[in-house]
Amino acid sequence: MRLKRMLSMAWESMKHRRLRTFLTTLGVVIGITAIIALASLGEGFRVSITERMEQGFELDVLTVIPGTLFAGMREPFTNSEVANVRNVSNVSAATPVLQIGGVNLYNGDKNVIAFVGAAVNFTEFAEKVFPNRFLFEEGEMPEQIKNDTLIIGYKVNHPNETEPAFAHPNDTVKMAVTIFGNYTLTANFTVAGTLEKTGTSGLTNFDYWIFIPIDTAIKIYGNVADLIFVKVDDPYLSESVAKDIENLFPPYQITVLVPLSFIQQVNSILNMVEIFLTSIASIALLVAGIGIMNIMTVSVMERTREIGILKAVGAKSRTILTMFLAESALIGIVGSLIGVPTGYGIAHVLSYVLSGFASPQQNHVFQAPEAEQATIAPIFSWSWVIIAVIFGIAICILFGLYPARKAAKLDPVEALRYE
Amino acid sequence: MSLLHQAGANVTALLEAKDLKKTYRMGKVLVPALQGITFDVAEGEFVAVFGPSGSGKSTLLHVLGGLDRPDEGEVSVDGISFSTLNDNALAEVRLRKIGFVFQFFNLLPRLTALRNVELPLTLADLPEKESIKKAEDMLKLVGLEDRMNHRPSEMSGGEQQRVAIARALINDPKIFLADEPTGNLDTTTGWEIVQLMERLNKKKGQTFIVVTHDPAIAETVDRIIYLKDGSIQTVKERRN
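Here the protein sequences come in this chain order: A and B.
The first sequence begins at 0 in numbering that gives the first Met the number 0 and counts up one residue at a time.
The second sequence begins at 0 in numbering that gives the first Met the number 0 and counts up one residue at a time.
Simulated from the structure, these hints should not be mistaken for laboratory data.
Backbone N, C-alpha and C define an ideal beta-carbon position, used for all residues, glycine too.
Keep in mind that the hints are not guaranteed to be accurate.
Only some residues are given here: those of chain B computed to face chain A with a beta carbon under 8 Å [unchecked claim]:
| id | residue |
| --- | --- |
| 1 | Glu42 |
| 2 | Val46 |
| 3 | Ala90 |
| 4 | Arg93 |
Derived BS3-like pairs (lysine-lysine); straight-line CA-CA distance at most 27 Å [said to hold, decoys possible]:
| id | chain 1 | residue 1 | chain 2 | residue 2 |
| --- | --- | --- | --- | --- |
| 5 | B | Lys96 | B | Lys139 |
| 6 | A | Lys3 | B | Lys202 |
| 7 | A | Lys3 | B | Lys128 |
| 8 | B | Lys202 | B | Lys227 |
| 9 | B | Lys96 | A | Lys3 |
| 10 | A | Lys242 | A | Lys173 |
| 11 | B | Lys27 | B | Lys133 |
| 12 | A | Lys3 | B | Lys132 |
| 13 | B | Lys132 | B | Lys173 |
| 14 | B | Lys235 | B | Lys173 |
| 15 | B | Lys173 | A | Lys405 |
| 16 | B | Lys139 | B | Lys201 |
| 17 | A | Lys127 | A | Lys196 |
| 18 | B | Lys139 | B | Lys128 |
| 19 | A | Lys196 | A | Lys109 |
| 20 | A | Lys408 | B | Lys235 |
| 21 | B | Lys203 | B | Lys227 |
| 22 | A | Lys109 | A | Lys405 |
| 23 | A | Lys3 | A | Lys408 |
| 24 | A | Lys109 | A | Lys173 |
| 25 | B | Lys133 | B | Lys96 |
| 26 | B | Lys20 | B | Lys173 |
| 27 | B | Lys235 | B | Lys203 |
| 28 | B | Lys20 | A | Lys408 |
| 29 | B | Lys235 | A | Lys14 |
| 30 | A | Lys408 | B | Lys203 |
| 31 | A | Lys127 | A | Lys218 |
Okay, the calculated bits of chain A under chain B, using three or more residues with CB under 8 Å as the criterion [as the list claims (entries may be wrong)]:
| id | stretch |
| --- | --- |
| 32 | 5-16 |
| 33 | 107-114 |
Bound-form chain B, shown alone:
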């Protein structure tokens, strides 16, 4: 139950997670990753999910982003309930409404920064001329105008993560999901990435959910959800 609901505010949540449960099988052992997680996120909110490793943070993010399906429970984004969608429709939701950023950047190594950022537009069948223009603008926005034709191997970690952020936001998604975005960067670079995300969150009004260990992120977000053993332990509001 989000605070918005508690306050009786007449705002519908952009993302609703209801009683999410998911268990992994590791060989013969069943590992419960999510054990009934319920929360809402409003449009434009910046939420951080904290928790020790193995607390189910990444699984939660995958489920929220439609990359993985829960065993039980329900996720809906922008009024679309994921459980009603087949794999193709879910891919379409990932393409249009969700942007992912990962700890290890996950750029396509053979493509230049520009082509990596353009990829979702290509998948969305945008004409090449238009998609190139948009990708260029996006790269400028994340401060990489002079790195457009570099391949990932020719860029620093921070630069690669900026490309990944640009790629995640190129399709104007409703929700931006990041899994340890600063986890593979040094403190300074990590801080730059945090600031970039904060700036973009304010500028575009998109919803950000970031799974992290990084205390620096905690400084900037609206709400922190603490996860432990697959359940929400505490929720801390920072701003209102």
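Chain A on its own, in the form it takes in the complex:
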């Protein structure tokens, strides 16, 4: 029998059992809806997290640390080591940073604390490694490396938004740093500029930093750098550049942090979460499949006589099999076609509701200025639509197979006798 006729007969028979067909199809609709809703929300979640991380991380900036997690710290980098790093191929810039912790600043009777005092070659740091990142609220970048000048991060200068700024350009500020336990080092700096909000970069937030010229710091500390920021030409080369930099040093001496691989790691974890959620949703579809098997088995029993008639008239077993499979497949097709848009609809509703709940948690240290509102928009993807529809129809056919085979195998004489 032709497929078209077969499908139209299946359709007729489904129409005849409206309520039953509706309920069976509803199971498939729920399964497909769950899969599509969770998959599109999961995908949206993943993309939103990845985007936020990409905003936070400068993907093309690697961080070189003198030491490894398990082998311990080594001495700071020397000038020639920094130069070697600068010469690695595909490195467009490298700048040393000397970190000074727990800095107290005094301006008259005002006092603020900076989490990180960073001694940098500010021109190189701000123009080559982090271009367009640092905008000045007041003042400007020192023309050249001027000793005893200071640049203050936004949060240091504005510890409290309601109060006036701590310092303005050309103020003279006293810096006090406690070193070697109880020895306090003090020095005076002229404020060159104050910064606007910069947002998060990797694991730190420059808003809590102050910057002093590296030459000044070397004079005080003697060291060159306990950190090197390396800018690569292309973020996707960062793994190989990291390898090259590691090879400049003896084994287990340094660590290179590669933001891209960190993001990829997070991405793959989120991917797994997405797959996990979708597989849970698939259980709903599986239950729907069992519902189909149940209903079709009942239907075969009810239509035993009909099957006997068809066989007496000359229908082959294969024809009977296909007739019943066509009914299951139709349930799958209709269920999937309804389930896909319903799934996306529910995903949008859920994302709206969830966005209401997840109003931004004020995490000061990690807050990126451009991503204040957490919104997860469900993402439409044709591949998910195709996967869901194929899966839906496949489940229906698979679970329809047993009753259909049962129908096809009926003995015609016994089927005709069936009351």
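Given the coordinates of chain A, assemble chain B onto it according to the supplied hints.
Leaving out everything else, chain B in the frame of chain A:
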């Protein structure tokens, strides 16, 4: 051995049944339904099979129509031996060469008369336009031109049996088999059905084998086979 053979006529039988045996198992009891039945039917012949209930009439009809297989023995129709065919090929023979009519009509309840009659053509993959035309013609032939779009539940028993006869003959089968076709009808209607079958048998020259209790049928047929306990008891020729 048919009379044709006895007379030495150079006619090959359309249907040959050789030593058919079939036993049913009812729980633990074995019920012999056919115990060695042999006979031939020539093309165009109208044969009635009489016998008390339980004499194996229906089983014989199922076996002759390829709906059931005998334990032993052989049926061949139009030179095709059933024992050589698998289930699919046997279904194909039922579709092309055999038409069945049952006591309880056995129409598909959801289909109209027209669709019921058209069903074998659909199974034979005939284009819908053509099959509808043929089914309409067939329904006219059995006198149901104004009942085509009625469902079985909207028709009388006689009308339903006419639809069943139309369905059995739509594929121009070599053999028409009927199991108590008048058994569920009143006498008048039954007589109408008998006359219809007789008319069609003469008109189309198809072979008719009818299993029945109905003495009215005996009036019209060429030959009567009396069955008892699964064996042929007597054969009575009515015309020649």
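Comparing the hints with the structure gives:
1. Glu42: violated, 21 Å
2. Val46: With a minimum Cβ separation of about 20 Å from chain A (threshold 8 Å), the hint on Val46 (chain B) is violated.
3. Ala90: holds, 4 Å
4. Arg93: holds, 4 Å
5. B:Lys96 <-> B:Lys139: Given that 27 Å is the threshold and the Cα spacing comes to 22 Å, the pair holds.
6. A:Lys3 <-> B:Lys202: violated, 35 Å
7. A:Lys3 <-> B:Lys128: holds, 14 Å
8. B:Lys202 <-> B:Lys227: violated, 32 Å
9. B:Lys96 <-> A:Lys3: Since the Cα atoms of Lys96 (chain B) and Lys3 (chain A) sit roughly 26 Å apart, the hinted pair holds (cutoff 27 Å).
10. A:Lys242 <-> A:Lys173: violated, 42 Å
11. B:Lys27 <-> B:Lys133: violated, 48 Å
12. A:Lys3 <-> B:Lys132: Between Lys3 (chain A) and Lys132 (chain B) the Cα gap is close to 19 Å, so the pair holds against 27 Å.
13. B:Lys132 <-> B:Lys173: Holds: Lys132 (chain B) and Lys173 (chain B) sit about 21 Å apart, inside 27 Å.
14. B:Lys235 <-> B:Lys173: holds, 23 Å
15. B:Lys173 <-> A:Lys405: violated, 31 Å
16. B:Lys139 <-> B:Lys201: Judged against 27 Å, a Cα distance of about 17 Å means the pair holds.
17. A:Lys127 <-> A:Lys196: holds, 19 Å
18. B:Lys139 <-> B:Lys128: holds, 17 Å
19. A:Lys196 <-> A:Lys109: holds, 21 Å
20. A:Lys408 <-> B:Lys235: violated, 40 Å
21. B:Lys203 <-> B:Lys227: violated, 31 Å
22. A:Lys109 <-> A:Lys405: Roughly 88 Å separates the two Cα atoms, so the pair is violated.
23. A:Lys3 <-> A:Lys408: holds, 23 Å
24. A:Lys109 <-> A:Lys173: holds, 10 Å
25. B:Lys133 <-> B:Lys96: Cα-Cα ~17 Å, so holds.
26. B:Lys20 <-> B:Lys173: holds, 24 Å
27. B:Lys235 <-> B:Lys203: Holds: Lys235 (chain B) and Lys203 (chain B) sit about 24 Å apart, inside 27 Å.
28. B:Lys20 <-> A:Lys408: holds, 24 Å
29. B:Lys235 <-> A:Lys14: violated, 52 Å
30. A:Lys408 <-> B:Lys203: Cα-Cα ~35 Å, so violated.
31. A:Lys127 <-> A:Lys218: With a Cα-Cα distance of about 24 Å, the restraint between Lys127 (chain A) and Lys218 (chain A) holds, given a limit of 27 Å.
32. 5-16: holds (count 3)
33. 107-114: violated (count 0)
In the structure shown, a violation is registered for the earlier hints numbered 1, 2, 6, 8, 10, 11, 15, 20, 21, 22, 29, 30, 33, in ascending order.
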